[in-house]
Amino acid sequence: MLKTKMKHLLTAAAITTAFAVAPLSAQAGDKEMTSVEAGKKLAFSRSQGNCLACHAIQGGQLAGNIGPALIAMKLRYPDKQKLFDKVWGKPNTQVPNSMMPPFGQNGILTDKQIHEIVDFIYTL
Amino acid sequence: MKKTLLVALALGATATATVSMAASIDPEQSRQDLVKYFKAKNPNIDISAYKNGAYIYSADKMSQFKAVMEFPPYLDAIDAGEALYNKDKAVYDKCFGSDVTKVRVMFPRFDEKTQQVQTLEGQINQCRTDAGLKPFKWKKGDIAKLSAFYADQARGQKIHVVINSEGAKKAFLAGEKFFITPHGQLNLSCAKCHTYNAGRKARANILSPNLGHTTGFPVFRAKWQELGTLHRRYGGCNKNMRLKPFKAQSEVYRNLEFYEAYMDNGLEINGPSYRE
Numbered sequence: 055m056l057k058t059k060m061k062h063l064l065t066a067a068a069i070t071t072a073f074a075v076a077p078l079s080a081q082a083g084d085k086e087m088t089s090v091e092a093g094k095k096l097a098f099s100r101s102q103g104n105c106l107a108c109h110a111i112q113g114g115q116l117a118g119n120i121g122p123a124l125i126a127m128k129l130r131y132p133d134k135q136k137l138f139d140k141v142w143g144k145p146n147t148q149v150p151n152s153m154m155p156p157f158g159q160n161g162i163l164t165d166k167q168i169h170e171i172v173d174f175i176y177t178l
Numbered sequence: 101m102k103k104t105l106l107v108a109l110a111l112g113a114t115a116t117a118t119v120s121m122a123a124s125i126d127p128e129q130s131r132q133d134l135v136k137y138f139k140a141k142n143p144n145i146d147i148s149a150y151k152n153g154a155y156i157y158s159a160d161k162m163s164q165f166k167a168v169m170e171f172p173p174y175l176d177a178i179d180a181g182e183a184l185y186n187k188d189k190a191v192y193d194k195c196f197g198s199d200v201t202k203v204r205v206m207f208p209r210f211d212e213k214t215q216q217v218q219t220l221e222g223q224i225n226q227c228r229t230d231a232g233l234k235p236f237k238w239k240k241g242d243i244a245k246l247s248a249f250y251a252d253q254a255r256g257q258k259i260h261v262v263i264n265s266e267g268a269k270k271a272f273l274a275g276e277k278f279f280i281t282p283h284g285q286l287n288l289s290c291a292k293c294h295t296y297n298a299g300r301k302a303r304a305n306i307l308s309p310n311l312g313h314t315t316g317f318p319v320f321r322a323k324w325q326e327l328g329t330l331h332r333r334y335g336g337c338n339k340n341m342r343l344k345p346f347k348a349q350s351e352v353y354r355n356l357e358f359y360e361a362y363m364d365n366g367l368e369i370n371g372p373s374y375r376e
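Going down the list, the sequences are from chains A and P. Under my numbering, the residue at position 101 of the first sequence is numbered 155, and the numbers go up by one with no gaps. Under my numbering, the residue at position 61 of the second sequence is numbered 161, and the numbers go up by one with no gaps.
Isolated chain P, as found in the complex (with noise of 0.2 angstroms):
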């Protein structure tokens, strides 16, 4: 089973070489083989589990996990997240929309007019600017709280980004190839630790599949003893890879996200969530 998707990712390393290829292959069908590997590897594990990251694959991190979840850390986090968007309503509304539970669903898109992707934490602060306001910083703090409220009301809905043009496509393919390369002194790539090796152990921890990466952000990590975004996690990864991490929201990072956001359409959004 192994083969049917090394197969899938060595058909996307070669056809992103050759740019005139691109059309011909199909996110779609790329997502629907991770799916079929994830499901081959672990075939009592129901696909719908996979928002829940690496805890699905260990009964007792799972009921750790669960226990945390009673009363998670991050609940001042998202009140505060609240008042952040109360205090420039205005602001959020009029780029947004005033409905909250709609705001994380739009997120990441392909923006036909930059022909680039743009995720929330990138349109929040894109938002701010275009309002004279100063952006937030980067990662953490003010930029995860606000995010992390407007993953709380859409809490349940489901991840849905949608690829209908060539350039999203490109920007689709960009994220897949940066996913399967390998990069940086150890010649690891994102695949080798989160599809090849998921569940399986690095030191103590266990490795989570790729397929639900994007469903619980921003999470809390204990390690951190805070919200954190995505891109700050890709950082942590990079920096384990002997990879100088790239900047949060540049546009390797923003398609990376793209790739494996598309990946999870159809998971449930269930952000912000709780890590070890």
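Next comes chain A alone, as it looks inside the complex (with noise of 0.2 angstroms):
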């Protein structure tokens, strides 16, 4: 756990690093941190995100397989904004029964939390 959990901290640092060149960026680092262990909180949680039932992400635990795995999303999804659309679930973006749920369409999550799962899931 603790094991997992550092290095996803150290996953995080490195990409805040890697886009904060600023004084700032501490600041910056900061927040960017925030949001990310806010979205993996949400994705791991069985009462919100509960990403995990149906797909694996690295670092959870009894993974689903009904989804893909959510790896290299930065590779698959270069456009963030397409990556935010399809956890949000605009409808140009939905497989026809499929099992992933619409999460903002359905007000399941809100965009900010959206937002925050796509930020974690980013560091994939």
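Calculated directly from the structure, the hints in this document are not laboratory data. C-beta atoms are modelled at their ideal positions from N, C-alpha and C, and glycine is treated no differently. Watch out, some of these pointers could steer you wrong.
[As the list claims (entries may be wrong)] Quick list of the computed label-pair ranges, beta carbon to beta carbon:
| # | chain 1 | residue 1 | chain 2 | residue 2 | range |
| --- | --- | --- | --- | --- | --- |
| 1 | P | D188 | A | T147 | 54 to 64 angstroms |
| 2 | A | R100 | P | A159 | 53 to 63 angstroms |
| 3 | P | E170 | A | K128 | 44 to 54 angstroms |
| 4 | A | G161 | P | E266 | 38 to 48 angstroms |
Got two chains here, separate frames each, mind docking them using the hints?
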């Protein structure tokens, strides 16, 4: 548990440093980490995002395999907005008969929560 | 192959939208399509094996299941069901006949007089109230025990649901429509879990195929530590879908049971059974 958390923090840190070069980096880094951490919590929680029910996610236990593993998200979604739209459930991103719940459209999660989750899975 | 069923299910969905078209859809075709779908999905699993739910997808879980079934935890409940039967034998025999091995196979059935689906549990309570007895509480306890007794007496016989009227067909279509329509906040349908994704895992739970859903009920679930009826399970799944469960023996669940049981035609009755 601790190990995965550490690894995760390291990844998050690596990403934030990569993007933030200005002296403000410490502050910006904190903020980004908070969002990623919040997103991870949501993605793993049974009562909220519960992405683990269907997707394998690094660091998550007892993942389902109904949907594809959430890996290399940046590679698959160079445009982060598209990833947001997918999780939100914009009609043009929906796959017919898919189990993937339209999280934003059906009000399962708020836009802020979806942004946090997207920030988190973008680190995967 | 997924396409066949999608087409079949989609056909069902549009047909139910217009009542006048109901007559053109054949429940038997739906059943055969489903059997074909599961055969194509897992060519190595014999259709007769579907009576054992999700266990058919995992050798590990199947061996655990078999170990439990050597001395199943529901034996006392069957005895208790038999005692309940004997206590009001005259009442039940008047409703269902005195051959206890022939009761489970009569249900679910469509009653032309009331134009409603009748289930075993529903009729047990109907029978009791007609005789001036207090109805049992739904979903668990005595109703499940008596139902388990009748199921056990019929063990090995085959599910045989008959649809031979417009009314019965309508009830079937209503059940089918409920099964395939997404409901609730998560936009899930029964079919998404138990047809398209049967055999996959939601968290650690392997999803059972809907073919065979009704054969083993009532079931003793480790999670419940007691017997529960099919409608209790429906309520649980509806909660998982974030859909407010309907009442046990509501028209929605009776039609759903009618649809699910018709799909199981030809499969062996093996209730009561055990589930994780």
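Okay, the hints, checked on the actual structure:
1. For the hinted restraint 54 to 64 angstroms between D188 (chain P) and T147 (chain A), the CB-CB distance of approximately 58 angstroms keeps it satisfied.
2. The supplied range of 53 to 63 angstroms is broken by R100 (chain A) and A159 (chain P), whose beta-carbon atoms lie about 28 angstroms from each other.
3. A hinted range of 44 to 54 angstroms for the beta carbons of E170 (chain P) and K128 (chain A) is consistent with their spacing of about 52 angstroms.
4. Between G161 (chain A) and E266 (chain P) the beta carbons are some 40 angstroms apart, a value that agrees with the proposed interval 38 to 48 angstroms.
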